[in-house]
Amino acid sequence: MNMDIKKLEQICVHLRSSAVYKFLCINKEFTSPQLYLIALVLGLIAILMVKFSHSLTPIAVILIWPAFLCGANAVRQVARYGLGTGTASIGYWGTAVGATMAFTSQFINPAYNFVSPYFEIFGALIVGAVTGICAQKIIKMKIPVMIRDSAVLASSTAIIAMFFLAMLTEYSAQVFTLDAYITYPLIYIAITLAILHPFNGSMGAGENQKRTLRLSALEASMTTGLFGLIALLFSEALFLTGVSVIIVSTAGFFIFVKRWFAAVKEDTYEFAWTGYPPAEH
Amino acid sequence: MEPLTAMFAIILGGVLVGICVHFIPASATGAMSAATGIATGPSMLSAGAGMAGILSAAYSMDSGLAVVLASGATGSALMMVLTILGGNIANAFGTGVSPASGQTASGQSILGKSTKDAITGWDQKPYISPGTDGHGMPVQTHISGLIGAFIGGIGGALVLFAVYTLLAPILKPEAAFTIAGVIGAGVFLINSVLPAYTLVGKTEGMFDQKIRRTPKTLISCLIVSTVIAVLIYSAAVVI
Amino acid sequence: MLPLLGTVLAGLLAFLAGIFEDSESNAGSASNPNSQVQLAPQIGHRHRYFNKAISGEPPANALWATTAATVAVLLVAKFETFNPVYSVIFSSVIGALVSTLLLGLYGIFSHISRVASMKTFKQTLYWDALYSALPLDLSFGFLTAFSLTLLSFTAGMMLNNPFSVPLIAFMLGITIGTIGSSTGDIHYGAERLYQHHIFGSGIPISNQGDIDVKGEYGYRNSVDTPYFTLRFGATITAFTFGLLIFLDSLSRVFVFAGAWSSVIVELGMILIIFIVTVYLEKYTRDRYGPYTR
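If you're matching them up, the sequences are chains X, R and Y in order. For the first sequence, the residue numbers in numbering that gives the first Met the number 0 are 0 to 280. For the second sequence, the residue numbers in numbering that gives the first Met the number 0 are 0 to 238. For the third sequence, the residue numbers in numbering that gives the first Met the number 0 are 0 to 292.
Some hints here could point you the wrong way.
Below are the BS3-like pairs computed for lysine-lysine, each with C-alpha atoms no more than 27 Å apart in a straight line [as the list claims (entries may be wrong)]:
{"id": "1", "chain 1": "X", "residue 1": "257", "chain 2": "Y", "residue 2": "118"}
{"id": "2", "chain 1": "X", "residue 1": "209", "chain 2": "Y", "residue 2": "121"}
{"id": "3", "chain 1": "X", "residue 1": "209", "chain 2": "X", "residue 2": "257"}
{"id": "4", "chain 1": "X", "residue 1": "136", "chain 2": "R", "residue 2": "171"}
{"id": "5", "chain 1": "R", "residue 1": "112", "chain 2": "R", "residue 2": "124"}
{"id": "6", "chain 1": "Y", "residue 1": "213", "chain 2": "X", "residue 2": "209"}
{"id": "7", "chain 1": "Y", "residue 1": "213", "chain 2": "R", "residue 2": "115"}
{"id": "8", "chain 1": "R", "residue 1": "112", "chain 2": "Y", "residue 2": "77"}
{"id": "9", "chain 1": "X", "residue 1": "264", "chain 2": "Y", "residue 2": "118"}
{"id": "10", "chain 1": "R", "residue 1": "209", "chain 2": "X", "residue 2": "141"}
{"id": "11", "chain 1": "X", "residue 1": "141", "chain 2": "R", "residue 2": "124"}
{"id": "12", "chain 1": "X", "residue 1": "139", "chain 2": "R", "residue 2": "171"}
{"id": "13", "chain 1": "R", "residue 1": "112", "chain 2": "R", "residue 2": "215"}
{"id": "14", "chain 1": "X", "residue 1": "264", "chain 2": "Y", "residue 2": "121"}
{"id": "15", "chain 1": "R", "residue 1": "115", "chain 2": "R", "residue 2": "209"}
{"id": "16", "chain 1": "R", "residue 1": "215", "chain 2": "R", "residue 2": "124"}
{"id": "17", "chain 1": "R", "residue 1": "124", "chain 2": "Y", "residue 2": "281"}
{"id": "18", "chain 1": "R", "residue 1": "209", "chain 2": "R", "residue 2": "112"}
{"id": "19", "chain 1": "X", "residue 1": "139", "chain 2": "R", "residue 2": "124"}
{"id": "20", "chain 1": "Y", "residue 1": "77", "chain 2": "R", "residue 2": "171"}
{"id": "21", "chain 1": "Y", "residue 1": "213", "chain 2": "Y", "residue 2": "77"}
{"id": "22", "chain 1": "X", "residue 1": "136", "chain 2": "R", "residue 2": "215"}
{"id": "23", "chain 1": "X", "residue 1": "257", "chain 2": "Y", "residue 2": "121"}
{"id": "24", "chain 1": "Y", "residue 1": "281", "chain 2": "Y", "residue 2": "213"}
{"id": "25", "chain 1": "R", "residue 1": "124", "chain 2": "X", "residue 2": "50"}
{"id": "26", "chain 1": "X", "residue 1": "264", "chain 2": "X", "residue 2": "209"}
Bear in mind the hints are in silico, worked out from the structure with no lab data behind them.
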């Protein structure tokens with residue numbers, strides 16, 4: 000009996016120190032490369048799914064939400080060092096790189112269509128990395144994660160923008176009322192706000208990654224719901240797609256609100272319906 | 000415009016946008032009348048001026064390059080001069096302070112140790128509130144803002160025209176205009192945030208010590224604009 | 000005739016949009032003066048303001064304007080057969096409603112999140128401070144999005160701007176955010192938040208964060224702010240943005256020199272406004288005099 004328990008203990012100790020367990024459980028915070036890998040793989044699957052068939056869009060929408068989390072986390076990592084220029088400018092700039100790269104996909108010659116989405120996503124990665132290198136080596140900002148997180152931010156916004164473009168433009172039925180280019184400004188600015196708001200809205204002494212990422216998941220579902228509405232109005236061929244995306248996004252919204260608010264309840268000092276702050280001197 | 004010339008025009012436009020951010024005076028704490036400059040951050044302010052310039056330049060797109068550049072420059076400059084007038088009115092009658100430059104008052108302007116305004120010769124030191132770094136927009140920063148807005152407007156309009164000529168052969172006219180506008184806005188926004196890293200939140204324009212950091216911005220914007228221009232060119236022309 | 004009518008209409012809509020944009024950014028403390036509301040609990044002044052920290056004003060206003068304009072353009076394409084003018088107005092209302100919904104959600108989340116990050120400074124989350132300021136904020140946001148959408152339609156259809164309507168709305172949103180943040184926020188940040196400091200001085204760095212927590216009666220709420228700033232700050236924002244759109248469109252009505260006439264007229268306008276600004280500075284220097292204790 001004793002021998003078995005000793006052996007069991009040895010196995011447990013061995014397991015706890017193994018690399019797999021460390022990877023799965025010990026991480027208190029997600030790191031940028033981890034989130035980026037998840038976002039890249041799932042995002043590429045989502046874009047290819049939507050290009051292949053429009054009825055798979057509701058499932059693809061769920062797969063694109065990690066890209067929002069990756070972008071919001073990259074903003075958080077860079078802005079935490081106190082850039083002096085504000086979180087909004089970083090989000091602006093990151094989405095400008097990603098979305099500009101994504102829009103270049105619209106004037107690629109149709110004969111070379113196999114190049115996208117890889118060209119845009121890795122192009123954005125290159126531009127983001129180059130900007131990070133310029134900021135680190137030429138302007139000499141002392142932020143250690145600048146290069147890595149600039150590249151991750153630019154690339155994740157490119158993934159999201161490519162997804163929305165694919166959702167709105169690649170359909171087999173030839174019935175359409177308007178051309179897709181009128182939605183480009185909305186794609187740009189909706190992604191900007193969804194990426195920069197989670198950290199900017201939670202900024203403060205008690206900010207932690209768990210609450211910020213849950214808020215970012217919440218806003219990801221809001222943004223995809225908005226684009227479901229746009230798809231619904233855009234053409235008759237996308238009507239069912241739009242309705243299903245709105246339903247999936249609303250379900251995600253309510254689930255994430257509950258999770259985020261549970262994190263808020265742990266962190267807030269006190270809730271009160273009304274009252275006066277305590278008297279000061 | 001030939002496609003290759005258009006690619007160089009995008010690079011030049013991006014560099015001009017990067018330079019203009021150094022000339023436009025802006026500070027985030029100006030909203031509390033605690034620093035000289037327009038009361039916004041530098042990157043957002045340049046983006047606003049640039050958008051006004053691009054909107055203005057779009058009206059005259061069929062009239063040739065020179066008119067487009069001039070319209071963009073004057074559109075940006077009109078927005079800048081009106082914003083400065085509005086800011087000075089708000090400071091003068093809302094908070095009750097007169098425009099004064101904080102850097103010049105403490106003798107740190109780039110022109111030497113004098114505490115007088117460079118263009119009008121008015122003394123700045125007695126007019127700043129103690130504890131603040133100046134408020135409002137005195138004449139020297141006003142001129143610097145106008146120069147910055149001209150440069151930024153030219154840069155934005157140049158990028159717009161160059162992308163339009165790249166796209167006009169492949170797409171129909173309305174699509175080419177709008178996509179050129181979106182890409183122009185995107186390149187503008189990318190290049191207006193890089194100098195903000197150098198300026199760390201506030202600048203007083205061309206009479207500020209921070210103008211010496213312009214070469215760093217120039218090189219960074221050159222590199223980033225080159226990469227973007229090569230990617231856009233290859234997407235439009237090569238593939 | 001049509002460009003002149005379009006100019007006047009654009010100027011009027013821009014003026015209204017300026018009033019509403021500044022009031023909306025003051026009904027929930029946004030943008031640059033928000034740093035003061037954020038600083039206040041750190042030095043012990045717990046407050047009951049609506050801490051709406053969405054982002055800076057330019058991207059936020061760009062989002063409301065672009066959402067409203069995109070939805071409106073898509074609806075106009077469906078309703079155009081009924082009546083062109085009424086379809087534009089009706090679609091703009093529905094577009095502005097969608098963007099108001101977004102504004103409300105972003106505002107609520109940012110207030111709750113910001114207060115939740117202030118646990119060490121013991122700032123309580125008062126629900127009524129949020130819910131009483133929210134309808135005022137949403138109404139001003141609706142009116143801002145509505146007027147900006149109508150302005151984009153005017154610029155696109157009557158003034159012959161070649162960009163599509165959502166892109167014009169995007170650029171106008173960034174511009175109005177920049178102007179509102181540079182002019183109207185000074186009245187909110189330096190005057191309304193610091194009423195117990197003297198008039199006639201900027202706010203020194205040592206006093207920042209020492210904002211008014213109590214108001215004319217009881218504790219100051221975000222509903223009290225537009226009541227005050229509407230009288231001055233909103234008017235200046237309206238004046239600046241309205242003049243910009245009006246003068247820019249007016250310069251295109253002249254045709255005496257071909258394509259260059261608008262450039263010449265605008266240069267003249269810039270010179271006149273520059274001279275007015277220099278006179279204003281001279282007037283304040285003579286009238287107010289140097290800073291005395």
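Structure-based check of each hint:
1. X:257 to Y:118: 20 Å, holds
2. X:209 to Y:121: Given pair residue 209 of chain X, residue 121 of chain Y holds - Cα atoms ~21 Å apart, limit 27 Å.
3. X:209 to X:257: 14 Å, holds
4. X:136 to R:171: Given that 27 Å is the threshold and the Cα spacing comes to 42 Å, the pair is violated.
5. R:112 to R:124: At roughly 12 Å apart (the allowed maximum being 27 Å), residue 124 of chain R and residue 112 of chain R satisfy the hint.
6. Y:213 to X:209: Given pair residue 213 of chain Y, residue 209 of chain X is violated - Cα atoms ~35 Å apart, limit 27 Å.
7. Y:213 to R:115: Given that 27 Å is the threshold and the Cα spacing comes to 41 Å, the pair is violated.
8. R:112 to Y:77: Distance of about 66 Å is beyond 27 Å: violated.
9. X:264 to Y:118: 11 Å, holds
10. R:209 to X:141: Holds. Residue 209 of chain R to residue 141 of chain X sits at ~18 Å (cutoff 27 Å).
11. X:141 to R:124: 35 Å, violated
12. X:139 to R:171: 44 Å, violated
13. R:112 to R:215: Holds, at roughly 26 Å.
14. X:264 to Y:121: Holds. Residue 264 of chain X to residue 121 of chain Y sits at ~14 Å (cutoff 27 Å).
15. R:115 to R:209: 19 Å, holds
16. R:215 to R:124: Given that 27 Å is the threshold and the Cα spacing comes to 32 Å, the pair is violated.
17. R:124 to Y:281: Holds. Residue 124 of chain R to residue 281 of chain Y sits at ~15 Å (cutoff 27 Å).
18. R:209 to R:112: 16 Å, holds
19. X:139 to R:124: Judged against 27 Å, a Cα distance of about 34 Å means the pair is violated.
20. Y:77 to R:171: 23 Å, holds
21. Y:213 to Y:77: 51 Å, violated
22. X:136 to R:215: Measuring from Cα to Cα gives roughly 10 Å; hence the hint holds.
23. X:257 to Y:121: The hint holds at about 24 Å.
24. Y:281 to Y:213: 37 Å, violated
25. R:124 to X:50: Outside the cut-off at roughly 65 Å; violated.
26. X:264 to X:209: Satisfied, since the Cα-Cα distance of roughly 13 Å is no more than 27 Å.
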